[in-house]
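Colleague: Listed below are the residues making up each chain.
2 protein chains.
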Amino acid sequence: MLRTHTCGELRIDHVNQEVTLSGWVQRVRDKGGMIWIDLRDRYGITQLIFDESKTDEKVVETARSLGREFVIKAGGKVVERFSKNDKIPTGDIELDVESLEILNKSKVPPFTIEDDTDGGEDLRMKYRYLDLRRGPVRRSLELRHKMLQETRKYLDSQKFMEVETPFLIKSTPEGARDFVVPSRIHHGEFYALPQSPQTFKQLLMVSGYDRYFQIVKCFRDEDLRADRQPEFTQIDCEMSFVEREDILATFEGLIKHLFKNVKGVELTEVDRMSYDDAMKYYGSDKPDTRFDMKFVELNDVAQGKGFNVFDSAELVVGIVAKGCSEYTRKQVDELTEYVKRPQIGAKGLVYVKYNVDGSLKSSVDKFYSQDDLKTWADKMSAIPGDLILVLSGEKNHTRNALNELRLRMGSDLGLRDKNTFKALWVLDFPLLEWDEETKRFHAMHHPFTSPLLDDLDKLDTDPGAAKANAYDMVINGVEVGGGSIRIYDRGVQQKMFDCLGFTPEEAKKQFGFLMDAFEYGAPPHGGIAYGFDRLCALFGGSDSIRDYIAFPKNNSGRDVMIDSPSTISNEQLDELSLGVKKLQEK
Amino acid sequence: MLRTHTCGELRIDHVNQEVTLSGWVQRVRDKGGMIWIDLRDRYGITQLIFDESKTDEKVVETARSLGREFVIKAGGKVVERFSKNDKIPTGDIELDVESLEILNKSKVPPFTIEDDTDGGEDLRMKYRYLDLRRGPVRRSLELRHKMLQETRKYLDSQKFMEVETPFLIKSTPEGARDFVVPSRIHHGEFYALPQSPQTFKQLLMVSGYDRYFQIVKCFRDEDLRADRQPEFTQIDCEMSFVEREDILATFEGLIKHLFKNVKGVELTEVDRMSYDDAMKYYGSDKPDTRFDMKFVELNDVAQGKGFNVFDSAELVVGIVAKGCSEYTRKQVDELTEYVKRPQIGAKGLVYVKYNVDGSLKSSVDKFYSQDDLKTWADKMSAIPGDLILVLSGEKNHTRNALNELRLRMGSDLGLRDKNTFKALWVLDFPLLEWDEETKRFHAMHHPFTSPLLDDLDKLDTDPGAAKANAYDMVINGVEVGGGSIRIYDRGVQQKMFDCLGFTPEEAKKQFGFLMDAFEYGAPPHGGIAYGFDRLCALFGGSDSIRDYIAFPKNNSGRDVMIDSPSTISNEQLDELSLGVKKLQEK
Numbered sequence: 002m003l004r005t006h007t008c009g010e011l012r013i014d015h016v017n018q019e020v021t022l023s024g025w026v027q028r029v030r031d032k033g034g035m036i037w038i039d040l041r042d043r044y045g046i047t048q049l050i051f052d053e054s055k056t057d058e059k060v061v062e063t064a065r066s067l068g069r070e071f072v073i074k075a076g077g078k079v080v081e082r083f084s085k086n087d088k089i090p091t092g093d094i095e096l097d098v099e100s101l102e103i104l105n106k107s108k109v110p111p112f113t114i115e116d117d118t119d120g121g122e123d124l125r126m127k128y129r130y131l132d133l134r135r136g137p138v139r140r141s142l143e144l145r146h147k148m149l150q151e152t153r154k155y156l157d158s159q160k161f162m163e164v165e166t167p168f169l170i171k172s173t174p175e176g177a178r179d180f181v182v183p184s185r186i187h188h189g190e191f192y193a194l195p196q197s198p199q200t201f202k203q204l205l206m207v208s209g210y211d212r213y214f215q216i217v218k219c220f221r222d223e224d225l226r227a228d229r230q231p232e233f234t235q236i237d238c239e240m241s242f243v244e245r246e247d248i249l250a251t252f253e254g255l256i257k258h259l260f261k262n263v264k265g266v267e268l269t270e271v272d273r274m275s276y277d278d279a280m281k282y283y284g285s286d287k288p289d290t291r292f293d294m295k296f297v298e299l300n301d302v303a304q305g306k307g308f309n310v311f312d313s314a315e316l317v318v319g320i321v322a323k324g325c326s327e328y329t330r331k332q333v334d335e336l337t338e339y340v341k342r343p344q345i346g347a348k349g350l351v352y353v354k355y356n357v358d359g360s361l362k363s364s365v366d367k368f369y370s371q372d373d374l375k376t377w378a379d380k381m382s383a384i385p386g387d388l389i390l391v392l393s394g395e396k397n398h399t400r401n402a403l404n405e406l407r408l409r410m411g412s413d414l415g416l417r418d419k420n421t422f423k424a425l426w427v428l429d430f431p432l433l434e435w436d437e438e439t440k441r442f443h444a445m446h447h448p449f450t451s452p453l454l455d456d457l458d459k460l461d462t463d464p465g466a467a468k469a470n471a472y473d474m475v476i477n478g479v480e481v482g483g484g485s486i487r488i489y490d491r492g493v494q495q496k497m498f499d500c501l502g503f504t505p506e507e508a509k510k511q512f513g514f515l516m517d518a519f520e521y522g523a524p525p526h527g528g529i530a531y532g533f534d535r536l537c538a539l540f541g542g543s544d545s546i547r548d549y550i551a552f553p554k555n556n557s558g559r560d561v562m563i564d565s566p567s568t569i570s571n572e573q574l575d576e577l578s579l580g581v582k583k584l585q586e587k
Numbered sequence: 002m003l004r005t006h007t008c009g010e011l012r013i014d015h016v017n018q019e020v021t022l023s024g025w026v027q028r029v030r031d032k033g034g035m036i037w038i039d040l041r042d043r044y045g046i047t048q049l050i051f052d053e054s055k056t057d058e059k060v061v062e063t064a065r066s067l068g069r070e071f072v073i074k075a076g077g078k079v080v081e082r083f084s085k086n087d088k089i090p091t092g093d094i095e096l097d098v099e100s101l102e103i104l105n106k107s108k109v110p111p112f113t114i115e116d117d118t119d120g121g122e123d124l125r126m127k128y129r130y131l132d133l134r135r136g137p138v139r140r141s142l143e144l145r146h147k148m149l150q151e152t153r154k155y156l157d158s159q160k161f162m163e164v165e166t167p168f169l170i171k172s173t174p175e176g177a178r179d180f181v182v183p184s185r186i187h188h189g190e191f192y193a194l195p196q197s198p199q200t201f202k203q204l205l206m207v208s209g210y211d212r213y214f215q216i217v218k219c220f221r222d223e224d225l226r227a228d229r230q231p232e233f234t235q236i237d238c239e240m241s242f243v244e245r246e247d248i249l250a251t252f253e254g255l256i257k258h259l260f261k262n263v264k265g266v267e268l269t270e271v272d273r274m275s276y277d278d279a280m281k282y283y284g285s286d287k288p289d290t291r292f293d294m295k296f297v298e299l300n301d302v303a304q305g306k307g308f309n310v311f312d313s314a315e316l317v318v319g320i321v322a323k324g325c326s327e328y329t330r331k332q333v334d335e336l337t338e339y340v341k342r343p344q345i346g347a348k349g350l351v352y353v354k355y356n357v358d359g360s361l362k363s364s365v366d367k368f369y370s371q372d373d374l375k376t377w378a379d380k381m382s383a384i385p386g387d388l389i390l391v392l393s394g395e396k397n398h399t400r401n402a403l404n405e406l407r408l409r410m411g412s413d414l415g416l417r418d419k420n421t422f423k424a425l426w427v428l429d430f431p432l433l434e435w436d437e438e439t440k441r442f443h444a445m446h447h448p449f450t451s452p453l454l455d456d457l458d459k460l461d462t463d464p465g466a467a468k469a470n471a472y473d474m475v476i477n478g479v480e481v482g483g484g485s486i487r488i489y490d491r492g493v494q495q496k497m498f499d500c501l502g503f504t505p506e507e508a509k510k511q512f513g514f515l516m517d518a519f520e521y522g523a524p525p526h527g528g529i530a531y532g533f534d535r536l537c538a539l540f541g542g543s544d545s546i547r548d549y550i551a552f553p554k555n556n557s558g559r560d561v562m563i564d565s566p567s568t569i570s571n572e573q574l575d576e577l578s579l580g581v582k583k584l585q586e587k
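Protein chains in written order, with our numbering: chain A, 2 to 587; chain B, 2 to 587.
Only true hints are included.
The list makes no distinction among identical chains, and a pair is therefore deemed to hold if it is satisfied within one copy or across any two copies.
Below are the DSBU-like pairs computed for lysine-lysine, each with C-alpha atoms no more than 35 angstroms apart in a straight line:
#1 K257 to K419
#2 K510 to K74
#3 K468 to K423
#4 K160 to K74
#5 K396 to K419
#6 K218 to K127
#7 K74 to K468
#8 K323 to K375
Hints were generated in silico from the structure; no laboratory data involved.
Could you build all of it, start to finish, from the sequences and the hints given here?
Modeller: See below:
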């Protein structure tokens with residue numbers, strides 16, 4: 002018996018009980034006659050006490066030999082503490098140790114195992130098993146555990162059936178790059194790891210499974226950016242005999258369930274916004290709606306006054322920063338520098354200070370009278386005390402830039418509280434995106450997304466104008482999930498592949514099984530997938546997904562703890578009939 | 002709105018309600034003036050009725066055009082059936098159809114979508130999405146869904162924390178062959194897919210996570226046998242600060258919970274047996290203990306009577322088939338042929354009929370008197386009416402053969418009822434197995450298994466004699482799970498790798514991260530993994546796991562539905578810096 006209780010369990014009621022605890026040495030305080038040790042496990046911390054005048058000499062000697070992170074087993078009697086610690090649940094008691102055993106020693110850890118550690122990112126990744134001991138990381142993964150259980154509980158209650166789809170599937174060039182897995186038995190052939198279970202979940206609908214879910218790993222061999230992982234987890238769902246409303250209602254239910262049961266937060270109604278409005282009023286398809294500060298287009302009032310920058314712009318658009326009219330020159334310059342950074346790329350920033358005395362002061366006073374500026378202010382519902390910020394230029398580019406500025410202002414003004422949650426459905430995305438490089442259309446979601454019923458004809462006449470029956474769920478400006486009503490008709494699917502530039506042969510080779518399946522009674526269906534890592538990070542109030550993944554990879558896709566990827570033996574390569582080309586051979 | 006109810010929902014209480022159903026056409030019966038259609042979805046079957054004298058002409062016409070597996074939407078009024086069907090829950094009512102819409106047509110399926118189908122295995126695999134519509138397959142996957150939910154519910158209630166471990170890990174030559182995944186970014190390097198999350202779950206114990214679980218896909222690139230899959234699912238668990246008893250108790254709890262909540266069966270206590278006893282009394286490390294028929298060794302009573310076959314044998318061992326003394330010559334010959342098959346490989350079978358009149362008749366009467374045979378019978382607790390079956394030869398080989406014969410007799414005598422469940426722990430396995438071919442030891446479980454504490458010294462003196470602190474759970478002769486108390490001391494782990502013939506460099510390259518981790522305070526820990534596919538099959542009363550996997554691969558590891566593995570493009574190969582060698586180059 003290695004323990005009778007955990008380190009988070011003992012209370013005043015346990016006083017006088019003989020107990021045994023096991024755990025890690027968090028801290029040793031040796032005050033000569035008395036030694037205190039904080040003993041830690043997943044469940045909490047309990048204080049051990051050794052009184053030299055009473056405790057067995059050998060036990061005291063062992064206690065003195067302990068270092069940080071030693072694993073020990075301590076037996077003794079629970080006693081009431083003289084000076085209680087109300088910061089921890091076990092703070093009323095301590096363990097008067099009678100027996101002590103070192104279960105395992107520890108070298109001095111390369112960084113401190115504390116909430117605020119002295120370890121840098123690289124070191125903590127190499128010793129991830131020690132980093133995982135730290136409170137914030139453990140709590141992140143405990144949150145993830147809870148999210149997993151509650152997600153399944155809700156979906157099970159809604160009659161979703163959990164089905165595991167295969168990992169060794171087939172490579173399809175459409176979309177992102179696949180990770181492939183060479184087959185040893187089938188010479189020269191490869192499996193691919195799934196980017197998502199998309200086709201399989203649609204087949205399950207053809208099979209009549211009606212409601213499917215899975216929380217599942219997916220894989221994308223992309224050039225990694227910060228906070229992208231080559232393997233990631235998805236809540237993957239599909240439903241039959243549904244229209245968009247059915248799906249939105251079901252998954253509003255999921256997200257409300259999660260907020261309530263994981264965070265104790267009652268989420269307000271999930272708002273809805275068209276993609277076009279999201280772009281027009283927020284310059285983003287994932288607007289942060291915790292705060293207002295909507296875009297107001299100013300072309301009609303700002304053009305034709307001789308200011309060439311505006312006159313030549315496709316779009317003149319601004320936002321109102323409430324109560325910021327007294328921003329200093331330095332503050333405004335700083336904002337100008339911000340939008341001019343290469344990542345944002347605005348040419349400049351026009352401001353109008355609507356002073357509290359009612360006067361207006363702008364950076365373009367040369368071109369605009371007080372009346373002109375008052376017209377802007379009225380159009381933007383600005384009032385004295387506000388600051389108006391205006392960008393101009395090509396439409397999409399200007400919207401992107403103003404989106405960044407809006408988010409920056411929201412943060413500066415404290416309008417983006419991590420404990421406030423605002424969810425939104427963005428609807429009616431374009432079906433296709435034109436790619437200038439390859440001179441062809443790409444699917445904005447994926448090739449299985451249905452156009453809106455009214456736009457079906459546009460696939461023949463003007464594919465770029467067709468809207469998709471697709472929806473994204475956005476919370477606090479983060480796209481947490483997205484999905485669509487699917488195509489379930491072979492003819493429409495074929496037409497979609499045509500639009501995407503597949504030859505019939507390519508379509509058949511890659512997705513023939515799905516198109517065949519559509520000929521045997523495919524029901525109307527649709528679904529959604531949530532990015533689970535990101536959803537957990539959002540719930541945890543973090544911008545980084547890495548703390549919510551037990552063993553993440555670094556930005557070059559490497560696991561530095563186990564040192565992977567790594568070379569394999571020539572025997573393995575031979576068995577797979579593979580040779581590695583020298584770099585110059587490429 | 003595509004439906005107001007499912008096809009399994011309507012009851013007599015719904016009579017006179019206007020409803021809409023959607024589903025698949027299971028059957029059309031056209032009796033001239035009346036048409037009946039069985040409409041099916043995942044939840045059940047509801048009968049639709051069309052009365053030509055009342056129903057709209059167009060609706061009737063559409064109904065007449067329907068074929069099997071068409072997807073339709075039908076609206077109308079629920080009416081009480083004239084002749085009720087008590088075989089289905091909706092059998093009291095039918096839907097008097099007023100509107101009918103074909104949502105999707107279906108070609109005639111290549112096999113019938115019935116519980117007993119006319120489709121062969123290959124055809125059903127190619128059209129797996131249609132096979133999945135069949136009742137038995139759907140029920141198998143519904144069982145699996147239930148098993149998944151109940152497993153997690155139990156483990157969550159026991160404070161196990163679900164942690165997702167990575168899929169892109171590192172290749173280790175120990176054990177079975179890995180599937181590897183070439184890295185595009187890191188030239189010439191590969192990830193490997195996990196054969197199990199073994200090292201990661203041990204690291205989580207080092208991290209103090211205390212109790213971990215995951216239901217997770219694992220991968221083995223083995224030469225496939227019937228009913229082996231290259232990807233399979235495992236219930237994977239690990240616990241800290243435990244001894245063997247803690248683990249056995251916890252997982253007896255799991256299996257009882259599953260039997261109770263999934264099958265409504267109260268499992269009796271889980272028996273325990275040492276590996277040595279299992280081999281001695283059942284000739285197998287996974288004995289089917291639903292029936293007795295234990296082995297009795299007969300060397301002392303059967304040798305030294307001039308029967309050379311027995312005298313020269315290492316082992317003479319038999320079983321008693323209760324009440325089979327009247328087996329005919331033909332029946333006994335058939336058993337002899339059975340054990341002589343190459344897969345079993347016995348040289349012959351000796352029988353003794355203990356006739357109801359008390360006389361004994363054997364196939365070796367030339368060598369043994371009635372008294373001799375009576376001695377055998379007494380030793381074996383046989384009584385008049387029983388049949389004694391005896392094999393002899395090299396010990397292990399003979400035990401294997403008699404195990405097969407025992408199972409065969411158990412089946413023949415109806416002692417292996419699929420609805421009776423008998424669980425057993427097999428304990429104290431050997432730690433190592435000697436491999437004659439490579440002239441070195443292999444780990445019987447894996448290299449992280451701890452020897453029994455008392456056998457630790459044997460690693461130095463006589464490694465082959467050391468017992469492992471390992472345990473398998475066996476139900477009805479099927480090994481459903483296995484695990485061990487792990488090594489948590491770097492020195493012992495190093496010694497284990499020495500025994501297995503690893504050089505220190507090899508050990509460091511492959512498992513250095515784990516051995517390093519053991520130096521930073523690793524707690525005593527142990528765990529278990531259940532083969533989830535097999536467990537589901539066992540619960541479902543099936544010998545084949547394939548029906549419990551939504552999209553299984555065939556015996557050559559191929560998914561014939563999506564046609565995978567398959568070739569990939571030269572561009573993909575180039576990006577990965579890989580070339581496929583011609584077969585003769587190997």
